[in-house]
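**Student:** Spelled out, the chains give:
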Amino acid sequence: MNKMSFSIIGSNKNKKSIEKAASIIFTICAFFGVLAVFSISIYMIVSGTPAIFEVGLKEIIFGTVWKPNAAYPSYGIFYVILTSIVGTFMAILIGVPIGIMTAIFLAETAPKPLAAIVKPAVELLAGIPSVIYGLLGVLILNPIMYKIELAIFKDSPNHQFTGGSNLLSAVIVLAIMILPTVINISESAIRAVQKDYKQASLALGATHIQTIFRVILPAAKSGIVTAIVLGVGRAIGEAMAISLVAGNGANIPLPFNSVRFLTTAVVAEMSYATDTHKRVLFTIGLILFAFIVIINIILNKMMKGGNVDAK
Amino acid sequence: MQNNNSLYHKKARPIDKVAHTLIYLCASLSIILLVGIVGYVAYRGISSISWEFLTTVPSALKQTVGIAGNIVNTLYIIIITLIIAVPFGVGSAIYLNEYAKHGRLVRLIEFTTETLSGIPSIVFGLFGYVFFGVTLGLGYSILTGALTLTLIILPLITRNTQEALKTVPDSYRSGALGIGATKWYMIRTILLPSAMPGIITGIILSIGRIVGESAALLFTSGSGYLLPKFGEYGEGLFKKILQPGGTLTIELYLSMEKAKYDTAFGIAFVLLVIVLGINMLTKYLSSKLNVEKKS
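Which chain is which? The protein sequence lines are A and B, in order. Take the first sequence: its letter number 109 is residue 109 in the numbering used here, and every next letter is one higher. Take the second sequence: its letter number 67 is residue 67 in the numbering used here, and every next letter is one higher.
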């Protein structure tokens, strides 16, 4: 009898090796992301730390004078860090309430056809490139701010006029930019609240508004907190939109001062910085990266907490 | 008998009215902002748009501006980024959904994917500049920019593919395996075609992200507005990959810096149209996906 060459087990060996190769390739793909995060962390640390030894940690983080090009350069970024924190906080303070209210509007009180128009529009807002926000900030917001500034500081000769490029302008741009994130995520959190809660509350005689604020919002808490944390992440990492709006002076973050954020410091000077100056900019990048990692860990913890709640 | 506590008497609650007004106020503020932003860009930008603006490069001699070079650069970056990122992203999703056993490893991969999507683009820009630009010696080039963007869009593609794979019913898998298909054959002929709309949605969202990205590209792909030279056999088109080139957003940022606001608004309008198109395309695709899921 001839050897069967078309047995169903005949090409088994060949198939097995293909199977093996496929599974190995997919595994490698999956580790690509892990590899990326690790190499980004390592590279940020490697390129961010030399300046710390060179200039001194205390001088960088707590120094208040940023003069990288002076004869005796000084690399203090205390005000820059402070600006990022204060700016983000203010943007959250403005953006989050408006965002949550809009989310309530979309999920609860809006007439259906209106919500059907507004929701895609909010999604569109999330996709607009950040430079466009910057462009509008420079052309619309800054002139208005300048007028307000002129009116307020008319009689104070010590004030350094900024032409409207100040902390407040940047904060407003950031607040508008985090709106879509906050609206989208809070809205889906509100919609995810079980109908029984709402029905029970209404049946007990609570008004719709009472139900929203006493029952639905507390039930949607974890989703809303996630929205806020994501908003913080977006605000603290935004660079291009505010780099021309904020004015870029390394000053104390007061509303009408020209200020410099961690991100805008890098954008503004990276292209011409050399030696120590450049290394300090990488340290700024490292600090920013550290902020983001902390935010991410908080977010991760919270998501897990939310899942436990759902169970 | 007077009865103000009757069930049929609604007690007026002034605080309800205040809250209601507040909700409507905030919502209309958001809507006005939205309409205002889109409307203003369209109003200012549309006057800059002309055939010449879209199809030529800036010429100092003729005193004209054009963004053809930037459009081509943007296309280059989109294509190269997708060529690198899509296989890795889809492969990673297949591993997570089909091969991996739940455990620490999967959690590590999912955590890093999430971290990757949270890192601000300026940090990606710094990393891309040091790693791809300096360490790998690619300098300011379209390839450096594309490699940096690969890292940014990887989570987007992985997550969308994963979602799509999850919607494929398990009966498809067991059916295919039951009649003797191997796993890879099953993935290739059953899973991937079923998950295709989800993968395409991921790709389109990625294109949106690439088009809008600026901070990550400023120090990686640099700026440049010239069209690639064709060369004798078209080799110039490939050389372009290793040359610097600014995308539309970079050119917008640069013209903003130089206070050339008309050009800036022209580019902003083009970007807005692209974003709108991408938005509608994803809407269409996801509605198609939902219909298929229901049937």
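FYI, nobody ran anything at the bench for these hints, they're computed from the structure. Treat the hints loosely; a few may be bogus.
As the list claims (entries may be wrong) - Listed below are the simulated DSSO-like cross-link pairs for lysine-lysine, each with C-alpha atoms no more than 27 Å apart in a straight line: (1) B:K183 - A:K16; (2) B:K17 - B:K101; (3) B:K101 - A:K20; (4) A:K147 - B:K258; (5) B:K258 - A:K195; (6) A:K301 - B:K101.
Quantities reported herein were computed from a predicted structural model and do not represent experimental measurements.
**Student:** Are A:K147 and B:K258 close enough, with their CA atoms no more than 27 Å apart?
**Tutor:** Holds, at about 23 Å.
**Student:** B:K101 and A:K20: Cα distance at most 27 Å?
**Tutor:** 16 Å, holds
**Student:** Does B:K17 pair with B:K101 here, judged by a C-alpha cut-off of 27 Å?
**Tutor:** 54 Å, violated
**Student:** Compare the distance between the alpha carbons of B:K258 and A:K195 with 27 Å, and conclude whether the hinted pair is satisfied.
**Tutor:** 55 Å, violated
**Student:** Given the proposed pairing of A:K301 with B:K101, does the C-alpha separation stay at or below 27 Å?
**Tutor:** Holds, at roughly 22 Å.
**Student:** Could you grab the alpha-carbon distance between B:K183 and A:K16 and see if it respects the 27 Å cut-off?
**Tutor:** Between B:K183 and A:K16 the Cα gap is close to 10 Å, so the pair holds against 27 Å.
The earlier numbered hints that this structure contradicts are 2 and 5.
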